[in-house]
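Number of protein chains: 4
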Amino acid sequence: MRVGHTTLIEGDGPLEVGRGPVRTGVTVIVPGADDPWAEPAFAGCHRLNGNGELTGLEWIREAGLLTTVIGLTNTHSVGVVRDALIAAAVRKEAPGEQRWYLPVVGETYDGDLNDINGMHVRAEHVDAALAAASAGPVAEGGVGSGTGMQCHGFKGGIGTASRAVDGSTVGVLVQANHGWRDRLRVNGIRIGPLPGEEPAGRPGAGPEGSIIVIVATDAPLLPGQCERLAQRAALGVGRVGGAGEHGSGDLILAFATGNRGLRPLVDHDTQGTGPVAVRAVPADLIDNLFYAVIEAAEEAIVNALVAGQTMTGRDGYTVQGIGGERLAEYLSNHQGQTS
Amino acid sequence: MRVGHTTLIEGDGPLEVGRGPVRTGVTVIVPGADDPWAEPAFAGCHRLNGNGELTGLEWIREAGLLTTVIGLTNTHSVGVVRDALIAAAVRKEAPGEQRWYLPVVGETYDGDLNDINGMHVRAEHVDAALAAASAGPVAEGGVGSGTGMQCHGFKGGIGTASRAVDGSTVGVLVQANHGWRDRLRVNGIRIGPLPGEEPAGRPGAGPEGSIIVIVATDAPLLPGQCERLAQRAALGVGRVGGAGEHGSGDLILAFATGNRGLRPLVDHDTQGTGPVAVRAVPADLIDNLFYAVIEAAEEAIVNALVAGQTMTGRDGYTVQGIGGERLAEYLSNHQGQTS
Amino acid sequence: MRVGHTTLIEGDGPLEVGRGPVRTGVTVIVPGADDPWAEPAFAGCHRLNGNGELTGLEWIREAGLLTTVIGLTNTHSVGVVRDALIAAAVRKEAPGEQRWYLPVVGETYDGDLNDINGMHVRAEHVDAALAAASAGPVAEGGVGSGTGMQCHGFKGGIGTASRAVDGSTVGVLVQANHGWRDRLRVNGIRIGPLPGEEPAGRPGAGPEGSIIVIVATDAPLLPGQCERLAQRAALGVGRVGGAGEHGSGDLILAFATGNRGLRPLVDHDTQGTGPVAVRAVPADLIDNLFYAVIEAAEEAIVNALVAGQTMTGRDGYTVQGIGGERLAEYLSNHQGQTS
Amino acid sequence: MRVGHTTLIEGDGPLEVGRGPVRTGVTVIVPGADDPWAEPAFAGCHRLNGNGELTGLEWIREAGLLTTVIGLTNTHSVGVVRDALIAAAVRKEAPGEQRWYLPVVGETYDGDLNDINGMHVRAEHVDAALAAASAGPVAEGGVGSGTGMQCHGFKGGIGTASRAVDGSTVGVLVQANHGWRDRLRVNGIRIGPLPGEEPAGRPGAGPEGSIIVIVATDAPLLPGQCERLAQRAALGVGRVGGAGEHGSGDLILAFATGNRGLRPLVDHDTQGTGPVAVRAVPADLIDNLFYAVIEAAEEAIVNALVAGQTMTGRDGYTVQGIGGERLAEYLSNHQGQTS
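Chains as they are written, first to last, in this note's numbering: chain A, 1 to 339; chain B, 1 to 339; chain C, 1 to 339; chain D, 1 to 339.
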């Protein structure tokens with residue numbers, strides 16, 4: 001999968017709706033093929049808590065197919081990203097094609113740092129993220145759709161991790177904007193006050209935040225197996241301290257590119273091709289994928305924290321980065337003595 | 001698929017719990033292979049209304065696999081049928097095998113006609129139904145688990161129907177014990193009072209009844225596609241007048257035998273076999289399966305009615321058979337004039 | 001509930017993407033209170049087939065609360081309508097409020113008649129629909145989001161119907177863009193060729209279309225009861241001939257305004273209020289609501305057809321209106337002779 | 001809630017199906033009222049992994065009502081326990097009553113220690129558990145349905161824990177028979193080899209086991225809120241090392257007794273009572289219930305381990321108890337140095 005970011009940072013000081021400060025962005029995930037409509041992936045989803053949006057899920061649930069690029073952004077810009085993904089796909093259609101698109105677009109709420117009601121995300125930012133999408137290492141922390149996000153009381157945002165499993169790879173990308181400070185655990189260790197840590201916390205009225213998790217694998221999974229992987233990612237969220245809080249939109253999508261040639265499952269255009277041959281991971285290998293998803297989700301959240309740099313946003317509100325070295329030192333001081 | 005019935009009819013007159021009258025039974029459905037554990041079928045389920053029991057659904061939902069024979073009976077005998085199906089399967093295990101079974105057993109309530117609390121179904125009746133299972137024409141109406149059932153104010157019970165679709169077959173078996181008299185429609189025609197019809201109706205305290213629908217096909221479906229077929233059967237129930245009433249347990253299972261060799265998806269015993277090759281029906285053919293299920297479910301309910309013979313049960317309570325000829329005459333008198 | 005339409009009709013002749021012809025629009029449904037965030041309604045949803053979008057459902061599923069205005073439009077304009085509904089709500093916030101919105105916006109595909117990829121729906125059209133929202137009779141057929149819709153081979157669009165039930169009212173609004181010509185049934189009667197009917201049908205590549213159903217009631221329902229009502233609407237769709245076809249996005253939302261004061265269930269802003277008192281419809285009344293939903297859904301679809309006027313759209317493609325008189329005459333000629 | 005156990009331990013040595021050794025039992029949970037049909041509780045459920053049985057869930061999902069006593073046992077005895085719970089309820093009916101029962105009965109697999117195919121659980125054992133049910137402290141470990149269970153490589157079985165939350169209590173009871181040895185974590189600390197620990201492990205062919213979790217609270221929850229609590233229990237399972245493995249039946253039921261007088265929601269017998277008044281926990285309190293469930297589920301599993309005593313079963317297979325002191329010592333040696 002290829003990932004592209006557009007990061008929008010502009011202005012400082014008091015909130016002036018429509019002017020800023022702007023701390024937001026767009027991230028796109030191209031699932032495997034350039035044109036997911038022509039080369040769809042099996043997919044499934046899971047809701048840990050539903051105070052959030054991830055469009056396109058009814059089609060995922062019904063057909064088990066991911067047929068679009070995935071977009072991520074802030075809560076109030078899901079629409080513009082959705083329609084811009086459609087417009088971008090339309091521009092690449094062959095003459096005479098008449099497709100319908102139901103893009104998968106997720107969000108978390110960056111209104112503590114960002115002028116979220118200023119609606120600063122525009123279609124051109126989606127196009128830029130698509131143009132920037134690459135298979136190389138993914139920038140993490142406060143970039144792209146993760147720009148204005150907070151996680152467990154520190155700066156959050158984009159995080160990624162992957163595991164190799166029985167010849168396949170499982171990758172996880174999170175947009176981490178969830179969790180309370182006092183519930184944070186890393187490697188099972190509860191993270192107490194860090195040296196130099198300043199009391200942060202969301203301004204009163206805001207929601208606790210949310211996390212979007214995208215799980216990708218090249219294993220040959222059926223749609224139901226993708227759904228099972230998505231569900232396991234929730235256990236990883238729980239290990240770091242998330243609880244699917246009421247105010248949190250903890251939505252998870254998993255897709256698998258190990259089966260190809262799924263186009264005839266989408267619509268009538270490939271009429272007459274007959275049954276589609278696919279493969280399913282057997283029972284003796286699926287648990288390893290489950291474990292990989294749990295671990296990679298856990299690590300991706302920690303990576304989002306470690307990559308998150310201290311940021312000041314609207315009305316001077318500041319969120320500290322957890323600081324990779326600071327955290328590492330804390331952990332080494334608090335590890336079990338002999339393990 | 002093979003179907004076997006054990007019909008239990010004994011005694012007349014006033015209800016004496018534990019003595020009778022008995023109007024109940026057991027029906028078993030062997031999904032394709034003799035040993036569904038060794039040769040499972042993909043499967044999916046749907047709930048139109050949940051005032052009923054169909055055991056084994058959590059496994060169906062998780063793995064999409066039917067790994068046991070299906071049993072049907074009355075509401076208060078689900079347990080004995082379930083355990084007896086396990087015992088029968090255990091007896092056929094190879095030495096040293098250690099399987100677990102989660103059988104699919106459904107029920108509807110025959111307490112208006114039957115001494116349901118007398119618990120007259122015993123393990124031996126399950127064994128007899130298994131022994132009787134054959135691929136030939138299925139006896140319909142008040143037989144097997146359908147013995148004491150009522151449907152839309154008439155005698156109901158077992159009904160079946162099938163459709164040929166694009167080289168595949170779709171079969172539906174219902175245990176029809178649901179529906180009000182005044183909502184009954186056949187071929188879209190509301191069935192008014194029939195000549196000689198006597199006001200029937202369930203005794204006051206009883207539930208409205210329920211319907212179990214089993215959809216079987218030899219098309220090569222994935223689990224999610226089976227679930228979609230199961231959902232369409234609900235539309236067939238609705239066409240005859242069912243509404244998924246609050247007191248009704250309208251539960252539907254669909255399984256597909258078109259994919260074989262699914263054993264490695266069950267557990268670790270086939271370790272090392274690698275991905276399992278399966279096939280999926282493409283988009284341009286699935287609608288025909290949907291239409292077939294709707295029609296066959298509709299017809300199966302009507303067939304259960306037509307096959308149902310007038311029955312008198314506990315406390316002299318009598319339910320009339322709708323009478324095939326009487327119904328046919330009514331329909332021919334009420335068809336649209338030119339169609 | 002109040003309903004408002006913006007109808008966009010412009011241009012004729014060959015499709016020129018971005019120029020037209022335009023045959024589309026926006027419809028908004030204000031669920032009861034002017035500000036659904038301050039006065040939410042319990043809600044539930046159901047998927048008959050998922051080839052469609054209805055945003056906001058994860059929140060509905062999790063909390064059972066409808067906290068926004070509902071928007072309807074074409075498939076490729078869901079995003080702009082969603083964000084515009086947010087912007088409109090934001091404009092009405094009190095100073096210092098910091099809400100998050102997850103609007104419910106649905107769609108069906110009007111690309112056979114409309115330049116759908118021209119993205120002609122803009123935020124101002126949403127504002128106009130909101131301004132036009134009234135509690136009076138709802139314009140039906142090819143208006144608002146129903147402008148470019150087709151249904152069972154005829155002109156479709158918006159349809160409504162309602163039923164009085166035990167002191168409550170159940171209303172249904174459909175955006176009907178689904179169904180094949182040869183499956184159309186009205187009152188159970190299959191509608192054969194009508195006098196003067198010209199063979200219509202969607203252009204080759206398009207999907208079969210979709211239907212969005214909104215069920216509203218002032219009965220005091222719990223969220224799970226709303227979900228049950230939503231599911232029954234699917235049976236109404238089935239009665240007219242819909243089958244939840246693979247290419248169809250048949251999504252249903254039901255909400256109930258009979259419980260008020262639900263604001264403390266949304267977020268922390270009403271902290272300290274304690275348990276929220278609500279009421280639930282008892283078992284002996286819920287079936288009547290089910291029947292009302294089935295009937296009203298059925299009638300709403302027929303009303304969409306009857307209100308639909310012949311329309312010519314892109315590339316000269318014409319869809320006939322079914323014609324209320326023509327249909328009535330057909331029905332009276334084909335009713336059962338004595339019923 | 002009241003809990004009662006029947007523990008069946010008999011015989012030693014080689015497995016002789018039908019003779020033993022017997023290491024199994026029955027546990028019953030009486031949800032609050034003596035007669036849950038007359039005084040139902042709102043309830044909801046969650047599936048972490050579906051390789052298991054918990055009967056009665058379709059009714060729970062549809063109506064959100066727990067109307068029976070809950071039973072727990074081994075995998076192959078679910079049926080006998082289910083029907084025996086019905087028989088026991090029938091015996092307490094008033095003359096002329098005609099109820100239907102859909103009991104909730106769960107299971108995990110004890111076939112490594114127990115002659116599971118010998119079907120040693122009988123109706124009288126259910127009656128004994130019902131007679132023994134008391135509100136006092138619950139015996140834990142290898143008792144009742146937990147008798148033959150294993151958990152994370154040690155002796156498992158029944159475990160309980162509770163938390164006080166904002167004036168309410170949340171209690172969790174687990175039947176813990178799941179998890180691998182090398183994934184076990186307590187308080188986030190991975191449990192390495194313990195002094196004197198002997199390599200255990202399930203015999204080759206058996207499944208990994210399962211966990212049933214019952215969550216009970218006296219908070220006034222709606223059915224959907226119960227479902228949310230059930231889902232959070234899965235995060236507690238994950239914290240101890242469970243992953244919802246493919247071979248595991250990880251099924252969760254949550255019920256809430258804070259709303260009373262729900263009988264009119266069950267069926268027509270209370271006709272004419274009108275809407276039922278209930279209460280819902282508001283948003284500002286629900287998270288505390290979530291946290292309590294996660295913690296109590298985690299603790300209940302650990303309690304099952306700590307209470308589990310070394311047991312030898314069929315064919316001399318022995319499972320060690322983890323040993324409370326041994327575990328405590330390990331934990332104190334491996335705690336973080338300063339926390």
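Calculated from the structure, these hints are not laboratory results.
Hints are not guaranteed to be accurate.
[Stated by the list, open to error] Covered stretches of chain D (chain A as the covering partner; in silico rule of three or more C-beta atoms under 8 angstroms from a C-beta of chain A): (1) 187 to 198; (2) 244 to 252; (3) 289 to 299.
[Said to hold, decoys possible] Just a sample of chain B residues kept apart from chain A, beta carbon distances all over 12 angstroms, derived: (4) G32; (5) D35; (6) A38; (7) R61; (8) A132; (9) R181; (10) A219; (11) E295; (12) A328.
[Stated by the list, open to error] Chain D side only, calculated, beta carbon under 7 angstroms to chain A, not exhaustive: (13) L235; (14) G238; (15) G324; (16) L327.
Note that the structure is a prediction, hence the values are computed from the model and not measured.
Yeah, the Cβ is synthetic: ideal placement off N, Cα and C, and Gly gets one too.
Verification of the hints:
1. Beta-carbon proximity to chain A at under 8 angstroms applies to 5 residues in the segment 187 to 198 of chain D; the threshold of 3 is reached and the given coverage holds.
2. Using a Cβ-Cβ cut-off of 8 angstroms, 4 residues of the segment 244 to 252 of chain D lie near chain A, which meets the minimum of three, so the contact claim holds.
3. For a cut-off of 8 angstroms, the count of residues in the segment 289 to 299 of chain D with a CB near a CB of chain A stands at 3, and the three-residue condition holds.
4. The claim that G32 (chain B) lies off the interface holds: its Cβ sits roughly 18 angstroms from the closest Cβ of chain A, which is beyond the 12 angstroms cut-off.
5. Annotated as non-interface, D35 (chain B) keeps its C-beta farther than 12 angstroms from every C-beta of chain A; the closest such distance is 17 angstroms.
6. No Cβ of chain A approaches the Cβ of A38 (chain B) within 12 angstroms, the least distance being about 14 angstroms, so the stated non-interface status holds.
7. With 12 angstroms as the threshold on Cβ separation, the claim that R61 (chain B) sits away from chain A is violated: the shortest Cβ distance comes to roughly 9 angstroms.
8. Every CB of chain A is more than 12 angstroms from the CB of A132 (chain B) (nearest about 33 angstroms), matching its label as outside the interface.
9. Distance to chain A confirms R181 (chain B) as a non-interface residue, since its nearest Cβ pair spans about 36 angstroms, more than 12 angstroms.
10. With 12 angstroms as the threshold on Cβ separation, the claim that A219 (chain B) sits away from chain A is violated: the shortest Cβ distance comes to roughly 8 angstroms.
11. Every C-beta of chain A lies more than 12 angstroms from that of E295 (chain B), the closest at about 21 angstroms, which supports listing it as non-interface.
12. With a least beta-carbon separation of about 39 angstroms from chain A, A328 (chain B) lies farther than 12 angstroms from that chain, consistent with its non-interface assignment.
13. The criterion of a C-beta within 7 angstroms of any C-beta in chain A is met by L235 (chain D), whose closest approach is roughly 3 angstroms, and the hint holds.
14. At about 3 angstroms, the closest approach between the beta carbon of G238 (chain D) and any beta carbon in chain A falls short of 7 angstroms, and the interface hint on this residue holds.
15. With a least beta-carbon distance of about 19 angstroms to chain A, the hint placing G324 (chain D) at the interface is violated under the 7 angstroms criterion.
16. Contact between L327 (chain D) and chain A, as hinted, is not supported at the beta carbon level, the nearest pair being about 14 angstroms apart and thus beyond 7 angstroms.
Hint violations for this structure: numbers 7, 10, 15 and 16, all remaining hints satisfied.
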